[in-house]
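**Q** Each chain is listed here by its residues.
There are 2 protein chains.
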Amino acid sequence: MVDGWTCPLPLRDYAKVTIGHGGGGQLTDELIRHLFLPAFGDAAVDATPTDSAVVAMAGHRLAFTTDSYVVRPLFFPGGNIGELAVNGTVNDLAMAGAQPLALSTAFVLEEGLELDVLGRVATAMGEAAVRAGARLVTGDTKVVDAGQADGMYITTAGIGLVPADVDVRPERAAPGDTIILSGPVGLHGTAVLSVREGLEFGTELRSDCAPLNGLVQSMLATDGDIHLLRDLTRGGLAAALCEIAETAGFGIRFDESDVAVPPEVRAACGFLGLDPIHVANEGKLVAILPADDADTVLEAMHAHELGADAVVIGAVTDEHPGVVVARTALGAHRIVDRPLGEQLPRIC
Amino acid sequence: MVDGWTCPLPLRDYAKVTIGHGGGGQLTDELIRHLFLPAFGDAAVDATPTDSAVVAMAGHRLAFTTDSYVVRPLFFPGGNIGELAVNGTVNDLAMAGAQPLALSTAFVLEEGLELDVLGRVATAMGEAAVRAGARLVTGDTKVVDAGQADGMYITTAGIGLVPADVDVRPERAAPGDTIILSGPVGLHGTAVLSVREGLEFGTELRSDCAPLNGLVQSMLATDGDIHLLRDLTRGGLAAALCEIAETAGFGIRFDESDVAVPPEVRAACGFLGLDPIHVANEGKLVAILPADDADTVLEAMHAHELGADAVVIGAVTDEHPGVVVARTALGAHRIVDRPLGEQLPRIC
Chain V
0 MVDGWTCPLP LRDYAKVTIG HGGGGQLTDE LIRHLFLPAF GDAAVDATPT DSAVVAMAGH
60 RLAFTTDSYV VRPLFFPGGN IGELAVNGTV NDLAMAGAQP LALSTAFVLE EGLELDVLGR
120 VATAMGEAAV RAGARLVTGD TKVVDAGQAD GMYITTAGIG LVPADVDVRP ERAAPGDTII
180 LSGPVGLHGT AVLSVREGLE FGTELRSDCA PLNGLVQSML ATDGDIHLLR DLTRGGLAAA
240 LCEIAETAGF GIRFDESDVA VPPEVRAACG FLGLDPIHVA NEGKLVAILP ADDADTVLEA
300 MHAHELGADA VVIGAVTDEH PGVVVARTAL GAHRIVDRPL GEQLPRIC
Chain Z
0 MVDGWTCPLP LRDYAKVTIG HGGGGQLTDE LIRHLFLPAF GDAAVDATPT DSAVVAMAGH
60 RLAFTTDSYV VRPLFFPGGN IGELAVNGTV NDLAMAGAQP LALSTAFVLE EGLELDVLGR
120 VATAMGEAAV RAGARLVTGD TKVVDAGQAD GMYITTAGIG LVPADVDVRP ERAAPGDTII
180 LSGPVGLHGT AVLSVREGLE FGTELRSDCA PLNGLVQSML ATDGDIHLLR DLTRGGLAAA
240 LCEIAETAGF GIRFDESDVA VPPEVRAACG FLGLDPIHVA NEGKLVAILP ADDADTVLEA
300 MHAHELGADA VVIGAVTDEH PGVVVARTAL GAHRIVDRPL GEQLPRIC
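Chains as they are written, first to last, in numbering that gives the first Met the number 0: chain V, 0 to 347; chain Z, 0 to 347.
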């Protein structure tokens, strides 16, 4: 008799939003593919969801992107929510090969927030925009009741032109391509967590929050034919490489010993049980390009302060399609998975 | 002896964010002018802040706008937060004379929100976008802890091209111009409030939430030289006219008996002590244009379902510069002020 027996719900058949749905991992991806895209219907676009959309407009290609920032706390070593919001949108445009033309800023403020705090955040936004060469052209302010919104949430959107000779997108990655990483990983996520949880790791962790458009511009100015650019935000290096492998339909292999992890990040990750390649960065990217072009592009990166430590970490392969394989420091191989949700919630 | 005596703080020298700072009235204006613009510094633009920025791009004019939506409750008669977010951004683009090209959608979701609720909101967004002829091309999802964000906040941004022959902006309003109102006022604010507060007014109040780009397109297709368009959202008709008068530096006079107020709105406003011309709408606009062009444009408006009740309500004058004067139903005249904050918080 199986009357009354019901099949247990599959693990991920959630009826409610969980923190992991906002983590940028598999759950976010499922929310987009199984809820947002079907619900949007004919208003949705067919293209692979990326951090920027590229829209055809009057014979030009316009990159368009948005992100909400809900980081806790609002200020952390190396940055704050405002700087993060501007740099994040600048970087999403840069990953489409676009220079930022104009940004919008929408604030949801908590009643009772000190105006001094808002002023410091807004000043950081202005400075970040100037640094990136972008203007803050339009915005909105809403206020919600005390106890809501953790002080403030900020949503930035941005537009920028993609130059006619630039074509960077996941579909261009091809077997044999080289993968370049712009610098050491794991600083942003561990820096935010260290102040939120009041942890001390001996040395100070500082977020790597920075605008990457200048670095990208210097890379695109070379003769190198850059196929794809991706910044390593939520989910870190691992999520970025997994997404690329899934979208391109090729495999990716990289060498863990080529991925620089600062000692203080390694210490923090060891203490917290995190894998540095899954931790968010806010000023790092990977570039995928033909092996023959790697030296030229690396040279341009090394000449830029944000690419001084750029190295080749791996390659695109036609083996194990859709799968990312890391060679460990001990010479073993392991499959790198996308996280289900987010190891570190509310870090951006 | 006045030792120990300190001057009382001026009323509006707030050190903290108040609900009124998000109301779209004088406090919001002060926050923009005295906090955001100075803090943004060289990244800010000099132009008069309007709901849309118009950005020069490769020989074209691109309208760019953003708004956050924090309406409570999420569903109300005549619409929901998602429909509101799409229509609001479509309308801000339309007020710059632009057709919406692409919209972005950024969600801040509360942990524990029913996915079914999110699905219904997202479906409404897709339908609203299709109705307006816009695509939802990019987005973001963040999740915050249970108890935050009242279910969800949505921030939309949008871009659209301004046709070469269109020039609508506050500076074009001139003495002698006629002011057209597209229909009855006060429905959105009172509809949201009626469900939030559980009030019953005998007849059902329904929000007028609608995309105005089709109506605007039919108006711009006439020979009429439309100088200015403004939708009547936060602060209602009064705030819109006051902003126009202040920006243009001319006076505005209108006749209250020409402003249609539905009986159920009048009843709700009487009960709540509100003035219908201060209540938010989400599907109404005013147009300012030469008196000679009024008949042509009115004819086009009457042919559109959202402009069927359009009427002339007043004129721009060189008397009382910067001031809005209403002729009351009894024939008296009164100065119309911008509200300090918002009579009805959290209605959009």
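Hints in this document: simulated from the structure, not taken from any laboratory. Heads up, a few of these hints could be off.
The list treats identical chains as one, so a pair stands whether inside a single copy or across any two.
List time: in silico EDC-like cross-link candidates among lysine to aspartate or glutamate, alpha-carbon distance up to 16 Å [stated by the list, open to error]:
1. Lys15 <-> Glu196
2. Lys15 <-> Asp144
3. Lys15 <-> Asp149
4. Lys15 <-> Glu110
5. Lys15 <-> Glu170
6. Lys15 <-> Asp317
7. Lys15 <-> Glu29
8. Lys15 <-> Glu199
9. Lys15 <-> Glu113
10. Lys15 <-> Glu263
**Q** All hints are to be evaluated individually against the structure, with a verdict given for each.
**A** Comparing the hints with the structure gives:
1. Lys15 <-> Glu196: neither (27 Å within a copy, 26 Å between copies)
2. Lys15 <-> Asp144: Classified as between; 13 Å across copies, 24 Å inside a copy.
3. Lys15 <-> Asp149: Between. Shortest inter-copy distance 14 Å satisfies the 16 Å Cα cut-off; intra-copy 22 Å does not.
4. Lys15 <-> Glu110: Classified as between: cross-chain Cα gap 8 Å, same-chain 28 Å, threshold 16 Å.
5. Lys15 <-> Glu170: Answer is neither: 33 Å inside a copy and 49 Å across each miss the 16 Å cutoff.
6. Lys15 <-> Asp317: Neither: 38 Å inside a chain and 58 Å across chains, both beyond 16 Å.
7. Lys15 <-> Glu29: within (13 Å within a copy, 40 Å between copies)
8. Lys15 <-> Glu199: Neither: 35 Å inside a copy, 32 Å across copies.
9. Lys15 <-> Glu113: The answer is between: 4 Å across copies meets 16 Å, while 34 Å in one copy does not.
10. Lys15 <-> Glu263: neither (37 Å within a copy, 37 Å between copies)
Comparing the model with each earlier hint shows violations of hints 1, 5, 6, 8, 10; every other hint is respected.
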